[in-house]
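Enquirer: Produce the entire structure from the sequences given, and follow the hints as far as they go.
The chain contents come next:
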Amino acid sequence: MKIVKTKPELCNGCGACMTACSKTRYKVEDPQKSAIRVKENSEKPGSYEIIVCNHCGECIPVCNTEAMHRARNGAVRIDDVKCVGCCICVGFCPNNAIFTHPEINEPIKCIACGACTRVCPTGAIYMEEK
Amino acid sequence: MIKVNKEDMEYQEGMTIEDILRKKKYTFRMITVIVNGRVIPKDQHSAYRIMDGDNVDVVHIMSGG
Amino acid sequence: MDLLEMKKAHKLLARMDYELGKVEKGYTNRTLYINLSDNTIKTKPVTEQMKEIFIGGRGFGLWYLWNAITEKTKWSDPENEIIISTGPIGGITQYPGAGKSLVVTLSPTTGSVMDNNTGGYFGPLLKFAGWDALEIQGKAEKDVIIYIDGNSGYVTIEEAPLEAVDSHLAAEQFTAMYADSEEDKRNVAVVSSGRGAENTLIGLLNFSFYDVKRGVPRMKQAARGGTGTVFRDKKIKAIIVKYSGVKGDTNGPADKQKIIDAGLRLHREIYELDKVQNRMREVGTAHLTEIMNDYDLLPVMNFQYGSHQDAVKLSSDVFKEYFTQGLPDGCWYGCSMACAKAVDNFELKTGPYKGQKVCVDAAEYETVAGVGANCAIFDPEYVIEANFYCDTYGMDIISTATSMAFVMECYERGIINKEITGGLEIKFGNKDAALELIHQMGNGYGFGKIVGQGVRRMKKIFAEEYGADPNLLNDIGMEVKGLECSQYVSKESLAQQGGYALANKGPQHDEAWLIFMDMVNKQIPTFEDKAQALFYFPLFRTWFGLNGLCKLPWNDIEPADNGLTDEPAKVPEHVRNYVDIFNGVTGKNITKEDIILQSERVYNFQRIFNLRMGYGTRKYDIPPYRFMGPVTKEEYESRAERYDNQLKELGYDIEGKTVEEKIKMLREYREDQYQKLCDAVYKRRGWTPDGVPTLETVKRLGIHFPDVVELISKHQ
Ligand code: SF4
Ligand code: SF4
Ligand code: SF4
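Quick mapping for you: the protein sequence lines, in order, are chains A, B and C. For the first sequence, the numbering used here assigns the number 1 to the initial residue and increments by one for each residue that follows. For the second sequence, the numbering used here assigns the number 131 to the initial residue and increments by one for each residue that follows. For the third sequence, the numbering used here assigns the number 196 to the initial residue and increments by one for each residue that follows.
If you are wondering where the hints come from, they were derived from the structure by calculation, not from laboratory data. Please note that a few of the clues may not be correct.
[As the list claims (entries may be wrong)] Keeping only pairs whose Cα atoms sit at most 20 Å apart, straight-line, the calculated SDA-like set for lysine to any residue is:
no.	chain 1	residue 1	chain 2	residue 2
1	A	Lys5	A	Glu43
2	A	Lys33	C	Asp444
3	B	Lys133	C	Lys857
4	B	Lys136	C	Glu844
5	B	Lys172	C	Ala755
6	C	Lys508	C	Phe518
7	C	Lys857	C	Asp670
8	B	Lys136	C	Lys220
9	B	Lys155	C	His503
10	B	Lys154	C	Lys220
11	C	Lys655	C	Glu614
12	C	Lys220	A	Glu103
[What the hints assert, rightly or not] Now the in silico label distances, taken between C-beta atoms and shown as ranges:
no.	chain 1	residue 1	chain 2	residue 2	range
13	B	Asp182	C	Thr760	28 to 34 Å
14	C	Lys470	A	Asn41	28 to 34 Å
15	B	Lys136	A	Gly57	19 to 25 Å
16	C	Lys267	B	Lys136	50 to 56 Å
17	A	Tyr26	C	Glu336	52 to 58 Å
18	A	Asn95	C	Leu357	49 to 55 Å
19	A	Pro102	B	Ile164	38 to 44 Å
Given the structure is predicted, the values throughout are model-derived calculations rather than measurements. In this text, a Cβ means the ideal position worked out from N, Cα and C, and glycines have one as well.
Expert: In structure tokens form, the structure reads like this:
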């Protein structure tokens, strides 16, 4: 399967990916509802860190409800019907790549749809085999 | 002579915090070791040498059960 | 027998349809009252005063029971109640340990009020079904179930003659019966007991939670003080609640983000640190066995000794091999501490289920230490087997273990013999006899009928019927207030003697566990220090029971820098989390001092409840001497150096003295110390020298209801 990969050195911090993600997933343009996050490096202004799930699957066994699962296409996904919003997966992701928002009951995580990569102007994010 | 948790303990040349823990059978993991009022981080326990007359407190955290 | 047949045999006795509620800021603002004598089902409103003074959970239970009974009520009277309630925080999914159910009733063994704090899904699902508490009064004629459907909005009382009483079967049958599909099973929670609850006074309640990974209902226990015995005496076979749709906001929090933030801080801490701290995720509380053994605190042979060379055979590494690893063993959603370990595919070797393979919720520290070390049986498979049967028979494993250890000592000392035990050679270390005794207790025959009454009644029987020396029995029978002691040796920690014997319901460590602070760290040397610890910690822990919280995520994990804080034993950062989640749920604005104040109200109320039932004064706070020091020669000799030194330091001349003489000196001293401890604690708690809350205290706390004032006025 293809997942989102990053080349942070190319990132210019425009945030188009976050808007695209939240729009695809939640029909709003709100970076706080995005599954990919771009953060300016506090020590090195002008350089950016990109955080996004790499579908390693470590969050699957920690989930009590089997909501977190590997989908048929290989992506690690949350089944919203089963999920109780406990956020264990958020705390147990080694990459801190799952996010929360008070208006959304389930955690926000990447589903490997690629919407963000299609709007990135610099090639800092792109889809590639895992 | 040193003090460990307010009790006397024979001082031995070169003894480390780890030696004290072993001697006292302090096997519990949630402890903080304080030597003369200063906290000694866990990763230094095996190297940190105790001096004669030191006051060592091994504070066990769990309030238990 | 199939489920359809069982269900068809149900006979509807009463039904109430209700409007589905909505949880607002942690409360539904109503409770469900059921009377099984006349099959009443009705709604009661939750008043602001109840929320303000009693908060919820144990507080609600105490208040309802107070109003339901008189000082003459006995546990088996129809007016006795069983009240189950979680609390305002109970049911949030984001913070570890936030799904506890609190159970309150009048106890068969203590004669006074009993409280229990248990996991399982019942309490939260009950609230989401629309009820802050379930209050059951009266007695049914035939076995009944209570069913609450929180999605369709109705409650029924039904005769249910065919389902099993034993819990592992009952939980499975009722879960399957009321779930629409496999996926739906996690939305069903069952409270049940077992045959042992009918045949002993130490019956427990099992609270189920469906484990979707294992595909079986698991169980947590409200175990202490015979709660299950009351349940079966009321002829309740099971209480079932069903609610589907648990989400992150079902508890109606005022400020969800606050809760998420606190939850994430703790999840992260557990993720990073549990593996280097207590390994709760791997072995649960079983890690304590080797620790207690190393610190001479593991009860061995009826609390005579504190360690044993064979204890390694019961260490957590041994149990880890039995526990299925890598499963999210939380007893409510969101508990990343995940201590609820289980042994899968365990083949039973004895009893009515012999040869069957079962999933056993085993084994917690109390079990390992109790039926294992305390009975000197160092065999993990026996421990798992005993654990299974105590649970499914519905018998408190702590009381079973402490009672068995007592019996074993009596046997070895010749107080009882084979004639009395019906041929059982009930010696320390005899695992076949121990299992046989558990089956006798559960099934109500032979010597098990006597043991199942608990230590207090056995002391009486052995003295009155078998001519045993009552003084010795009183010294070695490990109960206070009629409740058997949980599994820690308190002999060398005065503060813990108080932690046990002053506890409202009896000697259970859930009020205070001060042994490390006192005996190891020596942080609380004076009476005032100890009194302060016995003020703060029991109150702080009471608060968990008001809110539906588990104690373990408070201090079985700690932030990396906790040791650097002013008061590491309190785990200040976690206290901050609790303030945040309470405010996040209720929208109130409490401080950490308010936590103590909230508890102080309920704690004092419970103390006064004991008084009302004829107890609750100093003389009921005095433990048997074995809690305080060595009763026998062997015990003294096992720690001779420690005791000799103590006597010398105290200025006793022990030169040429016999062990018996030294035991006497030590005893005089320690018993006097204990009385002084009581003086200091009573003073700190605002009680009279006889241990009764003063009028001033009661007024300060706002619990000066007329009947309370009238009652305590007689004791000022
Ligand atoms: S969310 Fe984290 S743990 Fe889960 S698959 Fe992605 S990177 Fe791995
Ligand atoms: S938040 Fe949902 S997906 Fe994540 S661990 Fe909890 S139930 Fe599973
Ligand atoms: S720590 Fe253990 S007992 Fe407490 S809530 Fe979590 S799983 Fe349940």
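Enquirer: With reference to the structure, classify each hint as holding or not holding.
Expert: Comparing the hints with the structure gives:
1. Lys5(A) - Glu43(A): 23 Å, violated
2. Lys33(A) - Asp444(C): Since the Cα atoms of Lys33(A) and Asp444(C) sit roughly 18 Å apart, the hinted pair holds (cutoff 20 Å).
3. Lys133(B) - Lys857(C): 28 Å, violated
4. Lys136(B) - Glu844(C): This hinted pair holds, its Cα atoms lying about 15 Å apart.
5. Lys172(B) - Ala755(C): Status holds; Cα separation ~10 Å.
6. Lys508(C) - Phe518(C): 15 Å, holds
7. Lys857(C) - Asp670(C): The hint holds at about 17 Å.
8. Lys136(B) - Lys220(C): 48 Å, violated
9. Lys155(B) - His503(C): 14 Å, holds
10. Lys154(B) - Lys220(C): 49 Å, violated
11. Lys655(C) - Glu614(C): Within the cut-off at roughly 18 Å; holds.
12. Lys220(C) - Glu103(A): Roughly 16 Å separates the two Cα atoms, so the pair holds.
13. Asp182(B) - Thr760(C): 28 to 34 Å: Check passed, 30 Å falls within 28 to 34 Å.
14. Lys470(C) - Asn41(A): 28 to 34 Å: Once the Cβ atoms are compared, 30 Å apart, the range 28 to 34 Å for Asn41(A) and Lys470(C) holds.
15. Lys136(B) - Gly57(A): 19 to 25 Å: Given a distance of about 50 Å, which is not inside 19 to 25 Å, the answer is violated.
16. Lys267(C) - Lys136(B): 50 to 56 Å: 51 Å, holds
17. Tyr26(A) - Glu336(C): 52 to 58 Å: Check passed, 56 Å falls within 52 to 58 Å.
18. Asn95(A) - Leu357(C): 49 to 55 Å: 53 Å, holds
19. Pro102(A) - Ile164(B): 38 to 44 Å: 41 Å, holds
Hint compliance for this structure: hints 1, 3, 8, 10, 15 are broken, all remaining hints hold.
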